[in-house]
Amino acid sequence: MLKTLTNSWTTTLAESPQGLWANGWRWFFQNFGVNENAKLTDKLFMEIFWIGVGWFIFLMAIMVYCVVKYRRRPGVPAPYSPSHNTPLELIWTIIPCFFLFYIFLEGFHVYIDKLVAPGDALQMTLTAKKWDWTVTYPNGASSPERTLIGPDSTQFGGENGSPGARPVPIFYMPADVPVHLNMISQDVMHSFWVPDFRVKFDVFPNRYTTYWFQAKGPDAESNTLRDSTGNDIVTAQGEKVRYVDHFIFCAEYCGDQHSEMLGIIRVVPMAYYLAKVEEWNIEGKTPEEIGKLVYQSQGCSACHTLDGSKGAAPTWKDLYGSQQPTNQGSVLADDNYIRESIYTPQAKIVDGYPSNMPIYTTAQIDERRLQGLFAFMRSISKHAPAQATPDATKSEAPATEKK
Amino acid sequence: MYLVAVLFMFFLGGLAAIAVRTELLDPVRTITVQAVDAQGKPLVDADGKPVMKTEIVGQTLARWLPPKDENKLGSVDYGNQLYNRAFTLHGAIMVFMVIIPSIPASLGNFFIPLMLGAKDVAFPRLNLLSWYIYVTGSIFAVCSIILGGVDTGWTFYTPYSTTTDPDHANVVLMVLGAFILGFSSILTGLNFIVTVHKLRAPGMGWFDMPLFIWAMYSTSIIQVLATPVIGITLLLLCFERMFRIGIFDPSLGGDPVLYQHFFWFYSHPVVYVMILPAFGVISEIIPVHSHKKIFGYRAVAFASLGVALVSFLVWGHHMFASSGELGATVFSALTFLVAIPTAVKVFNWIATLYKGSIALTTPMLYALMFLFLFSIGGLTGLPLGALATDLHLHDSYFVVAHFHYVMMGGTIITFVAGLHHWWPKMFGKMYNQFWANVGAWTVFVGFNLTFFTQFFLGTQGMPRRYASYVDEYHTLHVWSTVGSYVLLLGFLIHLFVFIHSLVAGRKAPANPWGGLTLEWEAASPPSEHNFDHEPIVTHGPYDFETTVPPHWSSKDYPLPNLPANAH
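Protein chains in written order, with the numbering used here: chain A, 799 to 1201; chain B, 1484 to 2050.
Only chain A is shown next, with the shape it has when bound in the complex (with noise of 0.2 Å):
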């Protein structure tokens, strides 16, 4: 009977966003669950919830009437009572097992569902590094769009500021369809985590891990997508693109920038997802451009700063050719240093910096991605010799990031 009563109670809750109890809701979860899993674990979360009230309210109702009750009066003995009773005892050992089986069973049930990602789904690779997150679609292009959150952003942050200084990836995922994410790590543990799922899962430097989701699209009262000058992005069919943006965090303590290690999942409609991934493709693409797609979604950007200015690592500005000095000496940074760099980057540590660099493979940064990124630090070094540029409107694509 309790459990009809909850489940009634739960199913009220999860289905009028307008009740009375709409508000109670929204201190736990914010929003209603936006797939499938996350419906199943927030009803089974009140369940419990409601379960554990009525077992509070209970027995602090007990005690409160005997505190008040029997109160100690001077001179007066506690009466007699029983200190033993075989079967009120066992009672209360049994009644607990079957409350405690069910919430077991249910949460089994639905755990499972979390893990096991429908044969069908979308594959894609995650990999987490310090303090970064990177996604690889199905045709090996990453996403190089990144958002301040905070003031700045249309959509998060507000008066209080935000974490950190730096812009978040933003990783855009098609809606409606299951998406299945191989995961990785390239330095310590990391667990992503997207509280709209309520899934979160660890993430190892040693092993794959997967996690899987199925985002609920945008409807009509989404935000639309803007470009830069703030105008509205329209599709060839003329459509406005709508989107929802979910926050990605990480749950496993790695490091001074942990709590900066956001994310964002934006889902957009199928063919809007189809569109960017095709953009990001690094085909038909100038060394140049590759280099900086590689430079803003692999994740440089989080140490690497563009401008000059002092990052978690050494700037990119002037880099390319200069003199470095290292914990091995003086080292000019070559092709063939910035190679090292890369692939096992504790080999020499520029003076100044602590060894945050983490290891990338060949199969992250590919030779043709490597030379895009020679390519495009050269652009950006005063020590670079001139290169012949063939086409001189592709030169100025860096130029802009000097500012």
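Honestly, the hints are just simulated from the structure, not real lab data.
Each hint can be trusted.
Now the stretches of chain B that chain A is said to cover, found in silico as 3 or more residues with beta-carbon under 8 Å:
#1 1636-1647
#2 1824-1830
#3 1851-1865
#4 1868-1874
#5 1939-1948
A short list of chain A residues far from chain B (calculated; beta carbon distances all over 12 Å):
#6 919
#7 936
#8 1019
#9 1021
#10 1023
#11 1036
#12 1068
#13 1073
#14 1075
#15 1079
#16 1113
#17 1116
#18 1146
#19 1173
#20 1180
#21 1182
Simulated crosslink set (EDC-like; lysine to aspartate or glutamate; CA at most 20 Å straight-line):
#22 1180/A <-> 1132/A
#23 837/A <-> 1017/A
#24 1146/A <-> 1648/B
#25 1083/A <-> 1164/A
#26 1038/A <-> 1019/A
#27 1681/B <-> 2017/B
#28 1108/A <-> 1560/B
#29 1083/A <-> 943/A
#30 867/A <-> 2028/B
#31 1681/B <-> 1691/B
#32 1838/B <-> 887/A
#33 1038/A <-> 1077/A
Where a beta carbon is used, it is the ideal one built from N, C-alpha and C, also for glycine.
Following the hints, put chain B in place on chain A, whose structure we already have.
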């Protein structure tokens, strides 16, 4: 001596906690503001649009502890580093140096022999040695703080802990400190087991022992069996860090999940090392202050042993989000199993109140507070034990709130309760009950304000160990920090009440609360060998219905009329 050392570390750990909450009140973060010129006039660009610039604000903590290198003041990283060190300090000190030794070492060493009617623990010199070891371990930890602190969290998860700050020995010092403290635990545990087996007064059988002794006995078993595992684990961690031997770090061929298994194989049973003594204290305070025989003595005693046994089988529930399906399922089921003996105890305590004669003294107030807080702590464990909800709540503020309700609401609150219960016995002085009660209520309000808000933060998605956060969480964090200041105020009131009691308290009678266990037969404070004559046990520890408490007459504590069928 233990008490002084533990209270000092509690003070240190508390300071770190206040530092953590202060940072979260006003985290180091970036805001965008309109730029102004030298005269303070807002700047606008050529189009009349305001010129914006970013500024870093929220440097409260950084101003308290300014960096050596002044350029770092005003950087986000410096604020974060301070925060990370503060919460590591808070966790490591509170767990290893306060909660684990609080009740066993300070109250246990004093009262186990007294309650058994013995002159001292079985091995007094071993006891002294374990105190020296405790102090040595604490000095290691304090050294690592002075050298700049550790930023790994109290769990020292690899590979972060083996790679952070490679040029400094702080982590090794802290880990060695914890390693050394382990020996103190083991020796104390051994000592108690032998004492309970060998030194019971004539006439005291196993089921005539006070329940505090049962709880301490169960605790000691866990300490002796589990602590060596953490000792080995921490040594391996040091080896890996100093000699680059690959055990846990994948870049050296190790496995970080192995570390988690090792770590929680100890650290989960240790949760019960922390809470079982608290159960013991509550099982003493509630019968004495309500003058009622404890309900279901054997159930409570066996529940202690049951908890100790199951505690070895549930460590995997700290890793639901890291390792897969079947193992996690088994651990989830076993986790729910541990809830049953715990629930049984709570029912028994509440049943003891029935038809009692309840005096709201400070220890009793704290015992009732414990029932309130621990029930919340226990019940909020349910969504964490259930696999599906744990995947959402794991490593969030919900967990933080849950274990503070259990560890602080359970152990620290009970430690304070025990301190008030036995203070007259230990120091021979009474304290001011009115102000002690005021302190207790302040702690109660502050505690709930601090930690209840964190349940909401957790379900809403606030992760643990974040030095700053997105805006949505600001209001609740402010409330939580305000609560922590109220909590601090409450403990300061207690500090002053205790100091006042030591300086100007009136002399305590031998048996101020009318207790029946043997410690109340001794003088306050007890003489050098505890008792003038070896006591002979003629009544059970809770036979309030048939026995007049020692040092009192039947006029003060009249006995009830027993029905014919009693006993």
